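Participant: Those protein sequence lines, which keep their order, are chains A and B. Here the first sequence is numbered in the working numbering, starting from 17 and rising by one per residue. Here the second sequence is numbered in the working numbering, starting from 17 and rising by one per residue.
Do not take every clue at face value.
One copy or any two copies: either way a pair holds, since identical chains are not told apart in the list.
Within a straight-line C-alpha distance of at most 30 Å, the following computed DSSO-like cross-link-like pairs (lysine-lysine) qualify [claimed, not checked]:
#: 1; residue 1: Lys247; residue 2: Lys192
#: 2; residue 1: Lys276; residue 2: Lys403
#: 3; residue 1: Lys441; residue 2: Lys208
#: 4; residue 1: Lys28; residue 2: Lys432
#: 5; residue 1: Lys432; residue 2: Lys172
#: 6; residue 1: Lys74; residue 2: Lys85
Worth flagging that the hints you see were computed from the coordinates, not collected in a lab. Bear in mind the structure is a predicted one, so any value in this text is a computation, not a measurement.
There are 2 protein chains.
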Amino acid sequence: MAKRNFILNQIKSTFSKFGFSQIETPTIENLSVLMGKYGDEGDQLLFKILNSGNFSEKLSSQDLDNGYKSLTPKISEKGLRYDLTVPFARFVVMNRNDLAMPFKRFQIQPVWRADKPQRGRYREFYQCDADVVGTNSLLCEAEIVLMLNEIFGNLKIENFSIKVNNRKILTAIAQKIGADGNEAKFCVAIDKLDKIGKTKVEDELLANGFEPQMIVDLQPIFEITGNFNEKLAKLEDWLSDIEMGRNGVAELKELGQLVKSFGLETPNLELDITLARGLSYYTGAIFEVKALGVNMGSISGGGRYDNLTGSFGMPGLSGVGISLGVDRIYDVMEELGLFPNNLGLSTQVMITNLGNETFQIALPLLTLLRANCISAEIYPDTSKLKKQFEYTNKRNIPFLIIIGTDELESGLLTIKNMNTGEQFKFDANELVAFVKSQVF
Amino acid sequence: MAKRNFILNQIKSTFSKFGFSQIETPTIENLSVLMGKYGDEGDQLLFKILNSGNFSEKLSSQDLDNGYKSLTPKISEKGLRYDLTVPFARFVVMNRNDLAMPFKRFQIQPVWRADKPQRGRYREFYQCDADVVGTNSLLCEAEIVLMLNEIFGNLKIENFSIKVNNRKILTAIAQKIGADGNEAKFCVAIDKLDKIGKTKVEDELLANGFEPQMIVDLQPIFEITGNFNEKLAKLEDWLSDIEMGRNGVAELKELGQLVKSFGLETPNLELDITLARGLSYYTGAIFEVKALGVNMGSISGGGRYDNLTGSFGMPGLSGVGISLGVDRIYDVMEELGLFPNNLGLSTQVMITNLGNETFQIALPLLTLLRANCISAEIYPDTSKLKKQFEYTNKRNIPFLIIIGTDELESGLLTIKNMNTGEQFKFDANELVAFVKSQVF
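Based on the sequences and whatever the hints tell you, model everything.
Facilitator: Encoded structure:
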């Protein structure tokens with residue numbers, strides 16, 4: 017938790033500085049809100065809640081015979097949050113009369129997927145989303161790039177790449193090769209380039225009805241290389257005869273310029289014209305962040321969508337958002353050794369318990385330490401000093417204050433630095449001053 | 017969220033100062049862990065999760081005929097966390113070889129109950145628990161009293177009462193009136209004294225097989241009045257012939273003395289010898305906190321238990337804990353108007369967007385403000401100043417920086433205090449200094 021809170025506090029601090037307010041939505045949503053939003057696979061991966069009370073009262077054996085898919089809606093009306101996007105869309109629609117638009121929110125909550133757990137894939141994991149809805153200004157995309165740079169910079173994940181693309185580029189490429197309208201299939205295949213390589217992507221396209229000439233026409237996609245601006249220039253040239261392509265290039269160009277105007281010299285931006293991120297709802301910018309030098313999927317992803325709230329009866333609301341994979345970021349930081357050393361330290365001072373007669377000194381001292389914002393404890397049981405030593409060590413508590421008969425007589429308290437073994441004697445006020453000087 | 021975070025941050029700060037470390041446990045537990053821990057009513061109120069995949073494959077029509085109670089375990093193996101205590105017990109048992117005992121943890125997470133929602137009763141609500149396990153030292157009880165005083169004091173809920181009792185007192189009273197072994201029934205009835213009054217409690221006891229003479233012998237319970245120490249003296253006198261009673265009185269007396277030794281002069285402690293808190297697992301101290309002058313159930317409760325982990329095969333582990341009802345505390349603070357005024361303010365400065373040509377000034381200024389830890393935004397769309405004014409007002413953002421053609425020419429930026437209407441002109445650095453002086 018100390019490590020997770022370290023990550024979350026950095027993220028919250030950046031989101032707040034950029035004007036995003038935190039919201040939370042309920043864990044349990046009506047299945048009518050969730051079903052059909054994540055594809056067939058998503059529907060299967062929803063955790064569904066059994067109705068309360070006598071849920072089977074009206075079931076017949078015919079219902080059993082019809083199989084679990086038709087049985088489910090008869091015994092389950094609610095499910096667990098699957099992501100933060102759909103609940104956010106519902107929230108925006110339900111509160112549309114009260115929200116000041118554009119509306120900027122961030123949300124950090126767990127989501128649940130009834131999946132087979134494996135590395136980087138959990139049944140319960142935190143998502144952390146920031147979205148702006150109610151504007152199509154590219155300033156929002158630029159601020160996403162700024163936020164990602166600030167967050168990963170603050171977490172000391174120095175080596176990362178923000179891949180960016182634009183759905184309009186993907187649409188234009190499909191048009192360019194004469195595959196208008198087959199853009200979805202094209203995106204699904206091209207999205208796998210990283211994983212399965214060029215040849216297999218081409219095979220999949222052929223298998224899905226793309227003609228050999230289309231594959232030939234597609235070759236420039238694999239040949240566009242260089243830095244952000246160089247790639248953009250080549251792309252502009254290739255797609256110059258497609259209006260959608262010109263628009264996509266113009267948006268990417270403006271994004272690059274805005275980021276520069278904000279004063280960000282090294283935005284870690286990489287143009288990846290094969291980036292599609294599966295989700296078909298992106299309509300403009302598409303983002304994905306990868307930590308380099310670590311074997312881990314994307315640690316952040318997002319993009320612009322023009323119809324987030326359409327399925328809830330509120331069409332035409334444009335927005336752009338980013339989701340951070342907190343648990344994967346955790347794994348990356350663990351692997352790279354990026355967590356500060358002293359994160360787990362909750363308690364700074366332990367006071368020994370060598371009998372009730374020492375309480376007259378120990379308890380007011382404890383109150384004094386805490387009044388000075390120092391986390392402090394007394395060992396709860398009267399037991400041998402050795403046992404109290406070992407416990408203080410096991411808890412990694414850096415200071416132990418010893419109050420025994422000597423200390424009762426002299427009024428001077430012994431404090432031991434558990435790391436160096438050094439011991440000092442102080443009266444209570446000196447002791448608090450000493451601990452403060454060591455701890456803060 | 018701003019208000020809830022205000023409460024949670026105060027609580028976390030106190031728990032940390034007293035040496036408690038934060039943990040979280042999964043939302044979903046096996047039903048085998050949850051069932052039977054909260055009584056029959058609790059079993060009914062558990063949200064149960066439908067098994068994934070083809071859950072009805074092996075069901076027969078006989079299973080349907082047997083009714084929902086026997087059907088449930090065949091189609092559901094998991095449920096949602098119902099409180100933080102049972103998952104904590106499971107956690108302690110699973111990690112018993114790694115935890116330094118005594119173990120002090122706090123946990124702030126939502127819990128779920130399939131109940132009918134009403135005032136102060138929610139289907140999803142935050143619980144916030146702190147427990148120490150592995151010691152039976154009364155220092156822990158005393159520190160609970162200290163923590164409760166600090167937390168409610170910091171939240172400005174000045175008027176509250178920490179009711180305290182001891183399970184040994186309740187057991188002794190049952191013995192005293194000759195109702196040994198009927199202590200559970202006695203506790204259930206006496207627990208309702210606040211709600212239904214003395215006569216109805218007596219009726220319930222009679223209806224449950226208590227004899228009239230027992231009710232007569234019970235009368236002192238209603239006559240013990242005065243402050244903490246006065247009540248304790250009367251109780252000591254009444255129960256002097258019962259060993260269990262002498263032990264309970266001794267524990268309460270020591271608790272009072274320890275709290276005083278810590279230097280807490282006004283501990284808001286009230287001895288309530290009818291306090292039982294329903295839960296039968298308390299074995300020592302029992303706590304309950306009420307906010308006075310507000311119509312709201314208890315906002316905190318807890319006590320000592322000697323067998324938290326017994327049902328998970330680890331008997332004899334003593335612990336004491338307290339649970340804070342965050343959502344009820346929220347309602348109390350709302351009703352008493354105790355939240356600070358400026359809590360909702362995430363953004364301090366809005367910058368106008370009067371066209372791309374102003375970005376050369378606006379965007380670096382935005383970066384400068386944020387680098388100084390000031391939450392700042394630019395209005396995303398180029399639109400009429402009036403609209404941007406209204407938006408800034410609706411968002412309660414206190415400062416608006418106007419950058420138009422005048423400002424582009426002069427290099428001096430106008431900042432408007434949205435509350436007073438005052439306007440000033442500064443260059444960028446002066447402006448940041450001004451905002452810092454106003455905001456921090």
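Participant: Decide, hint by hint, whether the structure agrees.
Facilitator: Verification of the supplied hints:
In this assembly of identical chains, the alpha carbons of lysine 247 and lysine 192 lie at most 30 Å apart only when taken from the same copy (17 Å versus 89 Å across copies). With identical chains, the CA atoms of lysine 276 and lysine 403 are at most 30 Å apart between copies only, with a shortest distance of 28 Å across copies and 60 Å within one. Neither within a single protomer nor between protomers do lysine 441 and lysine 208 lie at most 30 Å apart by alpha-carbon distance, with minima of 66 Å and 54 Å respectively. Within a single copy, lysine 28 and lysine 432 get their C-alpha atoms only as close as 37 Å, which misses the 30 Å cut-off; across copies the closest is 27 Å, which meets it.
For a Cα distance limit of 30 Å, the shortest separation of lysine 432 from lysine 172 qualifies neither inside one copy, at 34 Å, nor across copies, at 37 Å. Within a single copy, lysine 74 and lysine 85 get their C-alpha atoms as close as 17 Å, and across copies as close as 14 Å, so both meet the 30 Å cut-off.
The structure is inconsistent with the numbered hints 3, 5, although it conforms to all the rest.
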